[in-house]
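*Asks:* First to last, the sequence lines map onto chains A and B. The letter at position 30 of the first sequence is residue 30 when you use UniProt numbering, and the numbering goes up by one with no holes. The letter at position 24 of the second sequence is residue 24 when you use UniProt numbering, and the numbering goes up by one with no holes.
Take these hints with a grain of salt, some might be off.
Said to hold, decoys possible - Straight-line Cα separation of at most 27 Å, DSS-like style, residue types lysine-lysine; simulated pairs: (1) A:Lys16 / A:Lys111; (2) B:Lys67 / B:Lys2; (3) A:Lys6 / A:Lys115; (4) B:Lys81 / A:Lys111; (5) B:Lys67 / A:Lys115; (6) A:Lys128 / A:Lys111; (7) A:Lys111 / B:Lys2.
Said to hold, decoys possible - Residues on chain B that point at chain A, a partial pick, calculated with CB under 7 Å: (8) Gln11; (9) Gly12; (10) Leu15; (11) Thr23; (12) Asp27.
Since the hints were derived computationally from the structure, they do not count as laboratory data. A virtual CB, placed ideally from N, CA and C, is assigned to each residue, including glycine.
Below, each chain spelled out in residue letters.
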Amino acid sequence: MSFLNKELVNLHGTAKNADEAIVQAGELLVNAGYVSEQYVEKMVESYHENGAYFVIAPQIAIPHARPTDGVENSAVSLVVLKDGVNFGHAANDPVRLVFGLAATSSEAHLKVIQKIVSLLSNSENIEKMIHSEDYQVIGELVEG
Amino acid sequence: MKILAVCGLGQGTSLILRMNVETVLRDMGVDADVEHIDVSAARSMNVDIIVTSQELAETLGTDTGAKVVIVNNYFDNAEIKNALSAAINS
Numbered sequence: 001m002s003f004l005n006k007e008l009v010n011l012h013g014t015a016k017n018a019d020e021a022i023v024q025a026g027e028l029l030v031n032a033g034y035v036s037e038q039y040v041e042k043m044v045e046s047y048h049e050n051g052a053y054f055v056i057a058p059q060i061a062i063p064h065a066r067p068t069d070g071v072e073n074s075a076v077s078l079v080v081l082k083d084g085v086n087f088g089h090a091a092n093d094p095v096r097l098v099f100g101l102a103a104t105s106s107e108a109h110l111k112v113i114q115k116i117v118s119l120l121s122n123s124e125n126i127e128k129m130i131h132s133e134d135y136q137v138i139g140e141l142v143e144g
Numbered sequence: 001m002k003i004l005a006v007c008g009l010g011q012g013t014s015l016i017l018r019m020n021v022e023t024v025l026r027d028m029g030v031d032a033d034v035e036h037i038d039v040s041a042a043r044s045m046n047v048d049i050i051v052t053s054q055e056l057a058e059t060l061g062t063d064t065g066a067k068v069v070i071v072n073n074y075f076d077n078a079e080i081k082n083a084l085s086a087a088i089n090s
């Protein structure tokens, strides 16, 4: 599993809306070979079908699709939106951290999710990620 | 007691919620069976409590006989605890 490796992090996301933000997080996964283009389309589709439920905390979105939608290897990407983008969530907008989640199976989901939970359960980590200008900050947080 | 953590696809965010719900229930000393599942499957299941986001709570509507608990911040165990306590004690 690849978790926020350097090639999977974009600290200067330029998305103007939720669709663009999901695509930017997805494209990081595509460009590094973890998912197919179709997977990214499914991420956007899921947002249109089910809404912004994946905005699970203030400023944090975790868009994803199903393992069967085109995942080669499990990975998590991150796009930081310094200005914030509204996803249409009543309590948690604007979103500044978009984690693109790809897992090969339910078991892989569990492992990936455990890493995300341990990273984001500390609110100081969230502020550090939003304000980071250098990948090194993320790298240090990931290594714990 | 049977509790469901519910999200759109039943795989990503509901799993986060389930893990934190289990942590909170342990702290509260409440014995419960917690599962995670997608919103359409949740409608037909017979459980005591459903924990989910505000948005999906609205689409669940009155289809379910369970008490629906809304959580906004999945990483805020205090919020989860308050919401669950209200449902368990009501």
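*Asks:* Next step is simple, just say for each hint if it's right about the structure.
*Replies:* Hints, one by one, checked against the model:
The suggested pairing of Lys16 (chain A) with Lys111 (chain A) is violated, with an alpha-carbon distance near 31 Å, which exceeds 27 Å. Among the hinted pairs, Lys67 (chain B) with Lys2 (chain B) is consistent with the structure: their alpha-carbon atoms are about 11 Å apart, no more than 27 Å. A C-alpha spacing of about 16 Å is found between Lys6 (chain A) and Lys115 (chain A), which places the hinted pair at or below 27 Å, so the restraint holds. Between the alpha carbons of Lys81 (chain B) and Lys111 (chain A) the distance comes to roughly 24 Å, so the proposed pair stays at or under 27 Å and holds.
Between Lys67 (chain B) and Lys115 (chain A) the alpha-carbon distance is near 30 Å, which puts this suggested pair outside the 27 Å criterion. Under the criterion of a C-alpha separation no larger than 27 Å, the hint pairing Lys128 (chain A) with Lys111 (chain A) is consistent with the structure, at around 23 Å. At roughly 24 Å between alpha-carbon atoms, Lys111 (chain A) and Lys2 (chain B) fall within 27 Å of each other, so this suggested pair holds. At its closest, the beta carbon of Gln11 (chain B) sits 5 Å from a beta carbon of chain A; the interface hint therefore holds under the 7 Å criterion.
The beta carbon of Gly12 (chain B) is positioned within 7 Å of a beta carbon in chain A (closest approach about 5 Å), and the interface hint is therefore held. For Leu15 (chain B), the suggested interface contact is upheld, since its CB lies about 5 Å from the closest CB of chain A, less than 7 Å. Nearest Cβ of chain A to the Cβ of Thr23 (chain B): about 10 Å, over the 7 Å cut. The hint is violated. The criterion of a C-beta within 7 Å of any C-beta in chain A is not met by Asp27 (chain B), whose closest approach is roughly 14 Å, and the hint is violated.
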